[in-house]
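> In case you want the letters, here they are:
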Amino acid sequence: MRYVESLNDALHTLMQEDETVLVLGQDIVDPYGGAFKVTKGLSTNFPGRVMATPISEAGITGFATGLAMNGFKPVLEIMFGDFISLCADQIINGASKYHWMYGEQFKVPLVIRTPMGGYAGFGPTHSQSLESLFLGVPGINIVAPSSYHNPGELLRAAILEMGLPTLFIENKVLYPEQLKTVDRTGRIGNFFFERINKSNKSCSTVSLKVEKEEKADITLISYGGVTLLAVEAALNLIIEEEIKVEILIPSIIKPIPIRDFLESVKESGRVVIVEEGVRTGGYGAEVASEISERVFDYLEKPIFRVGAKDFPIPSSKELERSFLPNQSDIESAIKGLL
Amino acid sequence: MPQLNANDSVATLVKWLVEEGANVTKGDVICSIETSKAIVDLESDFSGKIVQLAAPKEEILVSKPIALIGNNFEQLKKEKEKLVQLNHQKSDEKTIEAKFNATKKARNLAEKLGIDLSHLNVEGIIKEKDVLEFSGKEQLENQDRIEKNDVEIESYVDLTGGRKTGKVLMLESIRTIPQSYVERIVLLDELVKTITNYEAKKGKLITFLSVVISVLAKTLEQNKRFNAYRENDQILIYKNINIGVVVNQDNFVSIPTIKNACSLHPTEITEELMRIRMSIMRKKPILEDLSGASFMVSAMDHTEITRFIPIVHPRQAATLAIPKIQFKSEDREGVLSKVSYLNLGLSFDHSFLDAIQASKVLNDFVENLCHQKDRLDSEE
Amino acid sequence: MLKESEIHNRSKLYRKILLIRKFEERLLELFKEGVLFGTTHTCIGQEASAVSVMEHLKDGDLVVSNHRCHGHYLARTNDSVGLLAEIMGKKEGPCQGRGGSQHLCKNGFYSNGVQGNIFPVAAGMAHAEKLKCTGNIVVVFIGDGTFGEGVLYETLNLVSLWNVPLLTIVENNRYAQSTSIKNNFAGSFSSRISGFNISFGEVESNDVEELSSRFFDIIESVRNGARPHVEVIHTYRLGPHSTTEYGRSLEEVEGWKKRDPLKMLEHRLMKNEVNEIRQLVKNELQNAEEKVKQF
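Chains as they are written, first to last, in this note's numbering: chain A, 692 to 1029; chain B, 193 to 572; chain C, 428 to 722.
Below, computed lysine-lysine pairings styled on DSS-like, alpha-carbon distance capped at 27 Å:
1) 552(B) to 520(B)
2) 517(C) to 709(C)
3) 241(B) to 207(B)
4) 269(B) to 218(B)
5) 565(B) to 451(B)
6) 256(B) to 871(A)
7) 685(C) to 439(C)
8) 906(A) to 296(B)
9) 892(A) to 903(A)
10) 321(B) to 906(A)
11) 356(B) to 992(A)
12) 903(A) to 935(A)
13) 559(C) to 798(A)
14) 359(B) to 903(A)
15) 871(A) to 249(B)
16) 935(A) to 297(B)
17) 935(A) to 304(B)
18) 518(C) to 798(A)
Derived from the structure by calculation, the hints contain no laboratory data.
These numbers were taken from a predicted model, which means no experiment stands behind them.
All chains, full assembly: derive it from the sequences and hints.
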């Protein structure tokens, strides 16, 4: 099953089961069914519960917040992750605060779904990964499924279980990808697959290891779309130089499931964090600080972060590939720790 | 195969809507393609006879050819043959690669040793050590192992388990505790006599080490600051006096610990130590016996080491060093006699304790040792 | 038109306005005394808009307000103890002391301190009531200054497009903090609102009885027609924006004091009634203050 199909399925099932689930966004009604087709079929099957909105990101985010505060579970689609900046005031000064600042009188089960990510040549304002800007906003969750997770299940958990406004970060490059399945030896491709649920029952961290029992040389933490590059890099390094990398792929970005990472970090003592967002002040910076506060004595070397360069993302294919993280950046970071 | 969607890198040929060799005109619908979003009918961009290159249900990469259209049917068929052969070659190579997915090092070694990788029965990626194992060799020739500083290493051992934890503890200690050391001589003849007599008299086993431990416990009662540790600007004094005994242990972390040592008689301490050692030898150690020490004694009295400076463990104040019992000649009232003694050492945390306090501990220890000896002598 | 039966209501309205007025005046005193922490925005002079609207709301209706929300809160919930507790940061306040003066929430009353930020939220809440077929409406209070915010226009568009049962009350007190509306506002309220095809009305009044009967009709129409309406009340703030007065001319302020909603009602009531109510309100507030001080 493809990533996009998993999401579409989950929405269909959820809307069937729960009348209070509503879907809002631009251009999401059939026959167009959304820019990336995640909502295709919903307006036909659930008339009246799928609302196509004008291009008013702030207005519709506030509107959806009001729905969430008054008995409904709205799932709002923001067409491109880059536009989340237009929703920012509503999220920061509104949705994220209503639960706590009003003394916890009610929950705000708002889910904002949006595709982040580049590598498709869409240019500076349609290719970003801005979710790490929201790490410092208290009162929200951020979930980002990779193709090693089940995006539909995670969306379901976000809508039904979290109770807090949740940014659900999808990825353009991942939409047509087949979801990974485990073979009978417990592997996906060349890696042993394991789920770690120490921090969060519904949002697991996936662990990929070349050897099941042996301890890894490097712990590589990566999430979302750029995970595919991370896996390629790890595979290349084992083939070329027998460097054993354990790849940890969290599905929840905020709060950070730090307990899921610690065992591997304690074993390897060397950590590289890969994100598609800008490296400065990003996810890697936060995770690196958390890790060093908790298990500093187990670290052999400083923690390295790989992320996008501090520039707008260019349109040209070659430039884009060098400004966004690429496989050789990841490999150099890993080798730099050995 | 056209790029119909920005994000698709492949598409699937659903079915051909014209026969092989049929005449097609530009604009005719020739096949159905499935993309990630929809099934689409594809029109021909050319006119001529068609030779199909893709099979129904086949997934083709975008921009790769799916059909040849031209006027010379025979020529087109030959082209198709060539393309098919090329594809087979490529896929063969891929299969070979895929079948025994092996690392570069593994391949190089296999080549050197003349081993056929397909003989290895390994699931997943074949590594060098798999090849080694297969070849029966234990160690590698050292040509291949040159360290970054160009010094040749013979072999290497990974720090694991207890040794690795030990490393962590010692590094933490050095990082957080500024250590200093004081020492004094303790005469032991009287004590040795007492112990021998006691064993003979009472028939109970009593070791030198257990007397040391019981005396140490009493000493710590009088010097509570040494049964403590510093955290930021506070000295935290432990409630109980639990003495850990570091005796030539292989495993750094499992240190036999005598809990509440001040409430125990040296014979009881002897028994405890024996019990714990037995449990370790029988490979059935009890966790409570091997942890929770508030103070360490490092015993090297069964070695040739006459003086050593032990390292204070994290979250402790000091460690007592018991080196080898030595002998010297002493002139006592004109008579040359042999006396036994040892250099009793105390490493301590100088961030909150000083040498004067540490020497008091040693002096109290010697005084208590005297009292203990007297008590043992006077027991019935 | 004012009916005879509503005359006895007059004293009730007077009491409500007086309660708000005295509460707000006391707050400013407490600030001067250094007892309160932070800042506050009193609605002295604007009480009539709050009281006249709340008169006609049902239990299930929701009220959404802004930084200047005390009058709306008291008129809706009559909870002076809770309000004072919340402003004083006590955990016995409705938001456990976390929200304070500008961020109140109790029994379907919500306020937020960022201009216009909560406006689309109010619209969403109103749409929810419509989907649930409850017949309830949402009333949201904004000011003239709010018309600078873009999200206001986004919301007006949505509200008209989807026929949301939202009653928007614009309290035009002619000043956004220290800036006169003349320097802030191009065009007119009516052209802006009717540009979105939304039913619009405006009135210049501080007369709570006049406003009350006007809003009776407006609220009916929003509820029954399940459609939005925007009503602008041209009024005036007699107190400062927050705790200090910024450069409005003394003449101007004095001029508006003649149209004080409180005085208007006092003229229409018997003197002994007025005194009685004054005493009741005084006691009520004193008790509230004592109670809260003991929390």
